[in-house]
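*Asks:* Throw the hints in and build the complete structure from the sequences for me.
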Amino acid sequence: SFMVVLNNLEVSSQYIMKLRNELETGARSVFKDKDLENVSTCLADLSTTAKSFSELLSSNIGQVSATVEPALRPLLDRFQDVSYELSEAQFAANEAEDPFAEDFLRGLDECLAPYEANLTKSNFEGLLHAVTVLVVQRLERYVLTKRYTHLGGLQLDKDLRRLLSYFSSRTVRAVRTEFARLLQINTLLSLESVAEVADYWGDNSSVTWRLTPSEVRRILSRRVEFRPEEIAQLDL
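First residue of the sequence shown? That's 835 in the numbering used here, and the numbers climb one at a time after it.
Quick caveat, the hints were computed from the structure, so don't treat them as lab data.
All the pointers check out, no bait thrown in.
In silico DSS-like cross-links for lysine-lysine, where the CA-CA straight-line distance does not exceed 30 Å:
| # | residue 1 | residue 2 |
| --- | --- | --- |
| 1 | K955 | K852 |
| 2 | K868 | K885 |
| 3 | K992 | K980 |
| 4 | K955 | K885 |
*Replies:* Take a look at the structure:
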């Protein structure tokens, strides 16, 4: 199968580099000066071959993630049905029955199970990283189409941190970078007032912002309680 081919590419690349290193170590004990230099030049071709295998593997992992996307789309589309214009009662109700994250992650597990069972650990992590990027990019688009109350911003925070926790627990790779923009969007949507932006923005802020001033204003405009004139007056 295609997944077997991916696994073979990974293992072949690893063994080629192992062979190169062992031959190079042996050559140092046998050859000197010009002869050793000639041997090293020949062995460099093995590194080139291993690199070509790795690049081919990376390209094909991307193609696999593209085949996963159709199965992910209906799971992500459920987010569009979730309201974040929440009252206290609705926010409390969500404590008892999660509106999005749990069902989404359950479906994601089912979608990824065949790949996890058949890919090497490293290849599955590569696929999971590509899926993470796909999920974050689509969610960012959806998030910016919704309206939020303060409690809605807090609910979104819970949902995003649940997703971040899931992806972090499934891979040794750092995934917080992929979530950085989305988490910053959520920070703005969770503020109690427009004036609070000053606590996070500017020279005194410890936050490295990935959002532009125009994006910040656009995001703040999604909060039902924030007045347009307050947002327009922000010094960003």
